[in-house]
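Student: Chains as they are written, first to last, in the working numbering: chain A, 1 to 100; chain B, 1 to 187; chain C, 1 to 631.
Take these hints with a grain of salt, some might be off.
Unchecked claim - Computed cross-link-like contacts, DSS-like style, restricted to lysine-lysine with a CA-CA straight-line distance of at most 25 angstroms:
id	chain 1	residue 1	chain 2	residue 2
1	C	K376	C	K461
2	C	K574	C	K371
3	C	K565	C	K544
4	A	K85	B	K83
5	C	K562	C	K160
6	A	K86	B	K164
7	B	K25	A	K86
8	C	K532	C	K544
9	C	K544	C	K562
10	B	K85	B	K164
11	C	K450	C	K562
12	B	K25	A	K85
13	C	K565	C	K450
14	C	K376	C	K578
15	C	K544	C	K371
16	B	K139	A	K85
17	A	K86	B	K83
18	C	K589	C	K578
19	C	K589	C	K376
20	C	K377	C	K450
21	A	K86	B	K85
22	C	K160	C	K532
23	B	K139	A	K86
Unchecked claim - Facing chain A, according to a computed beta carbon distance under 10 angstroms, are these residues of chain B, among others:
id	residue
24	I15
25	S36
26	G163
No lab work stands behind these hints: they were computed from the structure.
Using N, Cα and C, we set each Cβ at its ideal position, and we do this for glycine too.
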Amino acid sequence: MIGLSHYLIVSAIIFSIGLIGVLRRRNLLMLFFATEVMLNAVNIAFAAISHYYNDLTGQMFAFFVIAIAASEVAVGLGILIVLYKKHGSLDLDNLANMRG
Amino acid sequence: MYEMIAFYLFSALTIGLFMVTVMSKNVLYAMTSLASAMVLISGFFFILGADFLGVVQLIVYVGAIMALYSFAMMFFDATRDIKEKNTNNALVFLLGGLSALVLVLIFAAPIHSDAIHALYPIHEGAGNAQDVGIVLFTKYLVPFEVAAVMLLVAMIAGIILAGKKMDHSLTKDLDADDEILVVKDRK
Amino acid sequence: MENLVYIALFAPFVSSLFAALFGMSQRQVFVGIVASSLLAISFISSALLAIHLYTTGDVIHVRLMDWINAGDLHIPFGFIVDQVSVTMMMVVTLVSTVVHIYSIGYMDHDKSFNRFFSYLSAFVFSMMILVMSDNFAGLFIGWEGVGVCSWLLIGFWYHKADVTREENPSISPSWAANEAFIMNRIADLGMLIGLFIIYWNTGSLQYDEVFAQLPYLSETILTTSAFALFIGAMGKSAQFPLHTWLTDAMEGPTPVSALIHAATMVTAGVFLVIRANPLFSMTPEVSFFIASLGTFVAFFAASMALVNRDLKRIIAFSTLSQLGYMFAAAGLGAYWIALFHLGAHAFFKALLFLGAGNVMHAMHDELDIFKMGGLKKTMRWTWLYMGLASLALAGIFPFAGFFSKDAIIETAFNEGTYVLWAILVITAGMTAFYSFRQVFLTFHGDERYKEFGIHPHEMYKYVLIAMAPLAILALVAGFGMHQYEAFITNLLPEYHMSEHTHHLVVWLTLIVSAFAIGGILLAYVKYAKGLKRDTKLENSFAYKVLANQYYIPQLYEEFITKPYKIVSEIFWEKVDLKIVDATVDNIAKTLYKTGDSTRSMQTGNLSNYLNWMAVGGVVLLVIAAISAMLV
């Protein structure tokens, strides 16, 4: 039988995959993809907990996470376009203006 | 039994697809695999009985967000492979693996607390959409409206950021037509 | 009446602040005039209080505010005007008013004129707190305050360079100031311990409460606390072995010597013993020690004064000697006689010092009496004042010193301590000799200063007039002795001579007077006609010992200062540099190194930052997991 732990473990694995993406990617667009992965991992956990504890709160939070992800993508992509216009690339290595 | 098969199938597929997203050099591949993994995640939601959430996932994520990415990609050159100096893989997989291990350990541990009571219980018999609607428009009304305003703000911000200087091409300096215009102007 | 108390107390403070406003600017005469006027106001208030107290007998006790309220410790800023403190207030304000006016003339050419007045008035304020406070804590504050002001004033000419001890026995003003301050600090430790013992055992520092508790204390506690307090008094009043600072303090300007190191501050020790007389009268051993030490110092200082050639130092030694007399009286239980001698001595000693200041002014800061002589012609008034003051100091009838000193010597006889009596009588003769040796060498005989091309001139008129009150008091103060006795014994224990002494009093007086007159005659014979130097005597061992102050300063330097310096250097090199400094330096170096090495983290690359963030997150996760497992 599939229990809560199964879902949570899948969620943890997907989250770690997202983390790996965040860590290794230098391209901003790809970084965005990695964040989406992490957000989805969290959503799975929310839905699973909601189901197993018979409580709708988890699903509510998942909705808000989706809303936030949508806004993030809208604003983020706008910024990416501006950046691309300015630098002609989305590589983080070219954007090290804050070097201390 | 079906649930178990579905769960393992979806798990394997999502993990595989997300791996592709994270590891692929091609933006197009990455995006496609991300989109398909999103669809499979909505599958998880359906198994868990969160029908409405699953639908929203399909519409918002797969419909809206992936469309947004696809449009955005038209500005960038998506056909070429991305050349990036990836961070040292040893470090990445060490950190990723470690976090996965620890999280799995934590989540696999048995939950002792019996004192968790449902605040907004799921009603037997009523459809998931009705349940969600009632809770969302009563208990979570204010956050819901705030989220709506936030989406509006994000939309405006996105349009303004992306919309500036839309008449300039990002990929080439001058089109053939523009050159003609410039030559005309000179005359 | 309460307002008068505050005016008397705070007028000097206002004066000090006022002068401090102009501390850094050019000499301005009005600063001196304002300061002197405020001091005069303080004196008038004190006088009114004294008259009030004399006529009505009301002791005025005021409480300005609460000062310390911590746990069981309650110390108010309270002031008391009783017979003892009003005597001190009169003496202090009178002498300081005269000295302030005198300083306007004396410091005429000094560029730090305004600063001088600020310090001088601050000193008077501290002294007033010392004498007026109704508790030991206030007394201690005043005690430290006068210490600081004394330090500031001795080192007033701090810019003078250090010289060797052979050239100038007190090396330099700043050296002398430090010496005075450090010696007093050593003694103050004793005093503090005394105060702690008193507080620990009586739970209070208020005079009346402490004295009421005394009969219930054990003898050991009484003796220890009395002795510890007396150590404090020894420092302030420059008693052996803490006496060397007083003569070195003569490096300060002469008005300072007159005010602080003769008339007021140095008597604070005597004041303390008188103030705490219930304590000291319950500890006969300590009292006898005080009397013996006083007698010894009287003789010891007088012997050094016999051969000294420095005008101010001779007077300083005589101060030391007279302080010895006061302690002798106080130690023998005749507290009011000690206080009376204190007042009388303040008048004629201040006069003597101010006269010496006139001479110094005339001789362009030359102090060697062997280079003077015959100044009587040009400085008639100064000669008169100094002669008068010396007569008073020598104890010749009818001057103030005769009555007070005679009373002390009678007390010594009355108590049956014939050894002390004999020493005090001999010292009286020595006192007469050295003071007139000084007068004759300065004002009589051949005019030796001409060799050095000095043209002496008399001091300003107003300065001479300002000195007159002191001269008059030195002349007549003795006649008020019986009234004063009636007045002061309201507070201090009475002291009566026995029948036996009473019969012999004429003879005793005659003996003392004979010694005094003998001393004067000897001085006249030896020095009045001019200076005939006796090289054989000057090269004798005894003379050298006396001239070098029994080699005590050298001894202190050799056995205390130098070893202390060596130890300090060892500590500096071994402990401070290698442990303390190194620790601090290493902390700073570590911080620098950490900063330097972690600076490379700030690449400006978002990806690196994300990596670091992930590292942090994972570490936190691991810690959370481990702690969860341990619980």
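Student: So, for every hint listed, does it hold in this structure?
Tutor: Hint by hint, here is what the structure shows:
Taken as a hint, the K376/C and K461/C pair is honoured in the structure, with Cα atoms around 16 angstroms apart against an allowance of 25 angstroms. For the proposed pair K574/C and K371/C, the alpha carbon gap of about 51 angstroms is over 25 angstroms, so the pair is violated. The straight-line distance between the Cα atoms of K565/C and K544/C is roughly 28 angstroms, outside the 25 angstroms bound, and the hint therefore fails. The hinted pair formed by K85/A and K83/B meets the criterion: a straight-line CA distance of about 19 angstroms does not exceed 25 angstroms.
Restraint check for K562/C and K160/C: the C-alpha separation of about 23 angstroms stays at or below 25 angstroms, so the hint holds. Among the hinted pairs, K86/A with K164/B is consistent with the structure: their alpha-carbon atoms are about 12 angstroms apart, no more than 25 angstroms. For the given pair, K25/B sits about 23 angstroms from K86/A by alpha-carbon distance, which is consistent with the 25 angstroms threshold. Restraint check: the Cα-Cα separation between K532/C and K544/C comes to about 18 angstroms, which is no more than 25 angstroms; the hinted pair holds.
Restraint check for K544/C and K562/C: satisfied, since their Cα atoms lie roughly 23 angstroms apart, inside the 25 angstroms limit. For the hint pairing K85/B with K164/B, the CA-to-CA distance comes to about 31 angstroms; that exceeds 25 angstroms, so the pair is violated. Proposed proximity of K450/C and K562/C is contradicted: the alpha carbons are some 42 angstroms apart, above 25 angstroms. Restraint check: the Cα-Cα separation between K25/B and K85/A comes to about 22 angstroms, which is no more than 25 angstroms; the hinted pair holds.
The hinted pair formed by K565/C and K450/C fails the criterion: a straight-line CA distance of about 45 angstroms is larger than 25 angstroms. Of the supplied pair hints, the one linking K376/C and K578/C is violated, its CA atoms being roughly 64 angstroms apart against a limit of 25 angstroms. A C-alpha spacing of about 20 angstroms is found between K544/C and K371/C, which places the hinted pair at or below 25 angstroms, so the restraint holds. With a CA separation close to 44 angstroms, the supplied pair K139/B and K85/A exceeds the 25 angstroms bound.
Restraint check for K86/A and K83/B: satisfied, since their Cα atoms lie roughly 19 angstroms apart, inside the 25 angstroms limit. Straight-line distance between C-alpha atoms of K589/C and K578/C comes to about 15 angstroms, which keeps the hinted pair within the 25 angstroms bound. Between K589/C and K376/C, the direct Cα distance comes to roughly 72 angstroms. Violation of the 25 angstroms bound is thereby established for this hinted pair. Distance check on the hinted pair: K377/C and K450/C sit about 13 angstroms apart at the alpha-carbon level, within 25 angstroms; holds.
Taking the CA atoms of K86/A and K85/B, the gap is near 21 angstroms; set against the 25 angstroms cutoff, the hint holds. With a C-alpha separation of about 34 angstroms, the suggested pair K160/C and K532/C falls outside the 25 angstroms cut-off, and the hint is violated. A hinted pair counts as satisfied when its Cα atoms are at most 25 angstroms apart, and K139/B with K86/A does not qualify at roughly 45 angstroms. For the restraint placing I15/B at the interface with chain A, the shortest Cβ-Cβ distance is roughly 6 angstroms, inside the 10 angstroms limit, so the hint holds.
Using the Cβ-Cβ criterion of 10 angstroms, the hint placing S36/B at the interface with chain A is not satisfied: the shortest such distance is roughly 12 angstroms. Annotation: G163/B was flagged as interfacial toward chain A, and the flag holds, the nearest CB pair being 8 angstroms apart, inside 10 angstroms.
Consistency with the previously given hints fails for numbers 2, 3, 10, 11, 13, 14, 16, 19, 22, 23, 25, ordered from lowest to highest.
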